[in-house]
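**Student:** Protein chains in written order, with UniProt numbering: chain A, 1 to 71; chain B, 1 to 704.
In short, the hints are calculated from the structure, not lab data. Check each hint, because a few of them may be wrong.
Claimed, not checked - Just a sample of chain A residues kept apart from chain B, beta carbon distances all over 10 Å, derived:
| hint | residue |
| --- | --- |
| 1 | Arg2 |
| 2 | Gln5 |
| 3 | Lys15 |
| 4 | Gln57 |
| 5 | Ser66 |
Said to hold, decoys possible - Going by beta-carbon spacing under 10 Å, a handful of chain A positions derived as facing chain B:
| hint | residue |
| --- | --- |
| 6 | Met22 |
| 7 | Ser40 |
| 8 | Ala50 |
| 9 | Arg61 |
Beta carbons are placed, not taken as given, at the ideal position from N, Cα and C, and that holds for glycine.
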Amino acid sequence: MRLSQLEVGETGIVKEFTDLEMSVKLMEMGCLPGEEVRISRIAPLGDPIAISVSGYQLSLRRFEASTIILQ
Amino acid sequence: MKNNIRVALVGNPNTGKSTLFNILTGLNQKIGNFPGVTVDKKTGFCTLPDGRTAEIIDLPGTYSIYPKSKDESIVFSVLADKSKGMVPDLVVVILDASNLKRNLLLYTQIADLKIPVVVALNMIDVSEKAGIKINIDLFAKKLGVPVVPISARKNTGIDKLKSAIAFANSVPLQQDTIDIESIAPGIIAQIKGEMQVENPYVALQLAHQHETLSYLSATESDRIEQLEQEHAFHSQKAQATETVARYNFINDLLYDTVTKPETAHDETVSNKIDKILTHKVFGFVIFFAILLFIFQAIFSWSAYPMSLIEDLFIWLQAGAAKVLPAGPLSSLIIDGVLAGLSGVLVFIPQIAILFALISILEDTGYMSRVTFMMDKVMRKVGLNGKSVVPLIGGFACAVPSIMSTRTIENWKDRMITIMVTPLVACSARLPVYTLLIALVVPNRNVWWIFNLQGLALTAMYVLSIFSAVIVAFVMKFILKARERGYFIMELPVYRMPRWKNVIFTMYDRSKTFVLQAGKVIIAVSVILWVLKSYGPGDRFAQIDKQYAQPQYTKTMTPDSLTKVIASEKLENSYAGVFGHVIEPVIKPLGFDWKIGIALISSFAAREVFVGTMATIYSVEGDADKLQSVQEKMHEAKNPETGEPVFTLAVAFSLMMFYAFAMQCASTVAVVYRETKDWRWPAAQFAYMTMLAYTASFIVYHWLK
Numbered sequence: 001m002r003l004s005q006l007e008v009g010e011t012g013i014v015k016e017f018t019d020l021e022m023s024v025k026l027m028e029m030g031c032l033p034g035e036e037v038r039i040s041r042i043a044p045l046g047d048p049i050a051i052s053v054s055g056y057q058l059s060l061r062r063f064e065a066s067t068i069i070l071q
Numbered sequence: 001m002k003n004n005i006r007v008a009l010v011g012n013p014n015t016g017k018s019t020l021f022n023i024l025t026g027l028n029q030k031i032g033n034f035p036g037v038t039v040d041k042k043t044g045f046c047t048l049p050d051g052r053t054a055e056i057i058d059l060p061g062t063y064s065i066y067p068k069s070k071d072e073s074i075v076f077s078v079l080a081d082k083s084k085g086m087v088p089d090l091v092v093v094i095l096d097a098s099n100l101k102r103n104l105l106l107y108t109q110i111a112d113l114k115i116p117v118v119v120a121l122n123m124i125d126v127s128e129k130a131g132i133k134i135n136i137d138l139f140a141k142k143l144g145v146p147v148v149p150i151s152a153r154k155n156t157g158i159d160k161l162k163s164a165i166a167f168a169n170s171v172p173l174q175q176d177t178i179d180i181e182s183i184a185p186g187i188i189a190q191i192k193g194e195m196q197v198e199n200p201y202v203a204l205q206l207a208h209q210h211e212t213l214s215y216l217s218a219t220e221s222d223r224i225e226q227l228e229q230e231h232a233f234h235s236q237k238a239q240a241t242e243t244v245a246r247y248n249f250i251n252d253l254l255y256d257t258v259t260k261p262e263t264a265h266d267e268t269v270s271n272k273i274d275k276i277l278t279h280k281v282f283g284f285v286i287f288f289a290i291l292l293f294i295f296q297a298i299f300s301w302s303a304y305p306m307s308l309i310e311d312l313f314i315w316l317q318a319g320a321a322k323v324l325p326a327g328p329l330s331s332l333i334i335d336g337v338l339a340g341l342s343g344v345l346v347f348i349p350q351i352a353i354l355f356a357l358i359s360i361l362e363d364t365g366y367m368s369r370v371t372f373m374m375d376k377v378m379r380k381v382g383l384n385g386k387s388v389v390p391l392i393g394g395f396a397c398a399v400p401s402i403m404s405t406r407t408i409e410n411w412k413d414r415m416i417t418i419m420v421t422p423l424v425a426c427s428a429r430l431p432v433y434t435l436l437i438a439l440v441v442p443n444r445n446v447w448w449i450f451n452l453q454g455l456a457l458t459a460m461y462v463l464s465i466f467s468a469v470i471v472a473f474v475m476k477f478i479l480k481a482r483e484r485g486y487f488i489m490e491l492p493v494y495r496m497p498r499w500k501n502v503i504f505t506m507y508d509r510s511k512t513f514v515l516q517a518g519k520v521i522i523a524v525s526v527i528l529w530v531l532k533s534y535g536p537g538d539r540f541a542q543i544d545k546q547y548a549q550p551q552y553t554k555t556m557t558p559d560s561l562t563k564v565i566a567s568e569k570l571e572n573s574y575a576g577v578f579g580h581v582i583e584p585v586i587k588p589l590g591f592d593w594k595i596g597i598a599l600i601s602s603f604a605a606r607e608v609f610v611g612t613m614a615t616i617y618s619v620e621g622d623a624d625k626l627q628s629v630q631e632k633m634h635e636a637k638n639p640e641t642g643e644p645v646f647t648l649a650v651a652f653s654l655m656m657f658y659a660f661a662m663q664c665a666s667t668v669a670v671v672y673r674e675t676k677d678w679r680w681p682a683a684q685f686a687y688m689t690m691l692a693y694t695a696s697f698i699v700y701h702w703l704k
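Bound conformation, chain A alone (with noise of 0.2 Å):
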């Protein structure tokens, strides 16, 4: 299951990512393995999408999103 196949208000938690590079620049702001994330909102045109991660808001877009794997 990837981030980006969750719907609104539901929660998952971080298992891996499939991209490096993204990788690095997400566990940054603090959405690492073994967080709790829950997508909070989707902006109107579908993309990004929000996320409630390490006690604060992140956006991010769905590709970057569908990079992150849920356990």
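Dock chain B against chain A, hints included.
**Tutor:** Below, chain B alone, put in the same frame as chain A:
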């Protein structure tokens, strides 16, 4: 004199770092540049409780010491480059107490550079309200550094922070956070040995960042590159290992020292606001309403201060004319320097209002929602959600807007934004449009409420946005991406704007504009004055001689005689000669040599058009007398055909030229400053001039 100390402020964006900086330094601050790079360096001074003075440097907000944008790359340089003597004696790391986990990443990186650190735990009031309990003594003990809870907004804890700065140790006492050597043992050891670097984390960062660090010599950088090969050092893998290790340290630390309320508390206020402001329908409606409000504000609120500034300069010019003896010097001061200065200062109200409003939107957190909503659309045309801010700013002035593109991390997106921002109808085009529209578009209403002239002006603004989007779309295919684009961005919680910050931004941007644009505009006004006041050979003397003859002095009033002489001289000045030279080139656009002079002088700054028109059609007084310039232009006849010069076709052709041409020396200068390569402003100038010529040509022949 006691020893003074140098303190650097470091922290994540949106942690209240600049608020703290403003509190510590008061108005006692200045903005300069870091040597060799165009990153603003804000420094200020603060008196400590022991009587010493601390020089405070505000470093750009960053989430990590690994830079993602131009501004962020300065942080490591300042903290590690020992050669320039800029290394601070102490670093104050600002942490958002309500969002400790992510904030601590940067702390652990800074701490490992082994510079003395003091932690300012900001927004302690917000975190307490949210029920987060932090055992500050234990937290400080585990880190091995002083930790001071503060609230920069409420101005609490600042005295304690000042004492902590004053009594901080001069040697670093912080605990190690992670085992750095184990990340890349071979290369760290070798860099330490070869480059006389003591600190293993500095050595590791040199391995990561050597390509972008300006303080390394080419040989040093090449050597590190070689070492990377030898040790099979993979930057991203090493960074990933490091980041995971750091968060393990952070999680352990937070587990022992922080307790959060168990129950997920009610929906936050911020979340409720987001539901409306990023709503599928209302989101865009509100955004466009805000845009409309901004335009209204720029034009209606600035009208009064702008006319005040204009009046002030007319008064100054008149005063100078009385005081100074007539001659070339007084003419230079009045028509060159003062006219140039007035052309710059008159835009301050519009720029100040626009940037005050933008800074409110940024401060409240709304701008990042706009970025969030617009990213998909903007990406389609080769831009980025973050391009929205510079593009809106472009309606006032491209100069500060291009400077604000530094927040765009992606190189390609940033370049495209810089390339298209000058197409947006800036406020310098407004007087040109107003004059030409009033000249050819009838002032009457259609469909009851729409004024025809207003519609024409709106059309010019809409056209500017469309052209920026289309050009961006084309450039998307021309420019090659240097790196992959991404959009990983914090959406900060909504906050009330800090009015001091708003006023400061307003002041700061206006100052940038005056200094950046002002220098160029005044210099060019002086050059223009020379071109207009002197002519080749003895042409001027001959004109004087000719009009000194009785058939002129007897039949004409002295007033009209001066006017005739002035316009005759203009035609024979260097500027007039230029106008005649380029006439064949611009004839297909419907322009004569007089318009040619205006076009040439407008390459300094567009708003010069009205003033030049006033001189050419020899209108007494100043550029502000739009009505009389307009009347003269209306009456102007083509000497060959006897037809009016300014027909609908010519006026619109001219407007097209002003809409597309890069007639702004300050923008050229700022694009060079931001890109550090003459090819960018040159390419921009070339494509915009081509576009202008083509658009004018088509419009002229279509309307003729």
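**Student:** Run every hint past the structure and note whether it holds.
**Tutor:** Tested hints:
1. Arg2: Given that every Cβ of chain B is farther than 10 Å from that of A:Arg2, nearest at about 16 Å, it holds.
2. Gln5: Given a closest Cβ separation of 19 Å, the condition holds.
3. Lys15: 13 Å, holds
4. Gln57: A:Gln57 not clear of chain B: closest Cβ-Cβ about 4 Å, inside 10 Å.
5. Ser66: 12 Å, holds
6. Met22: With a closest approach of 7 Å, the A:Met22 hint holds.
7. Ser40: Holds, about 7 Å.
8. Ala50: Given a least distance of 6 Å, the restraint on A:Ala50 holds.
9. Arg61: 5 Å, holds
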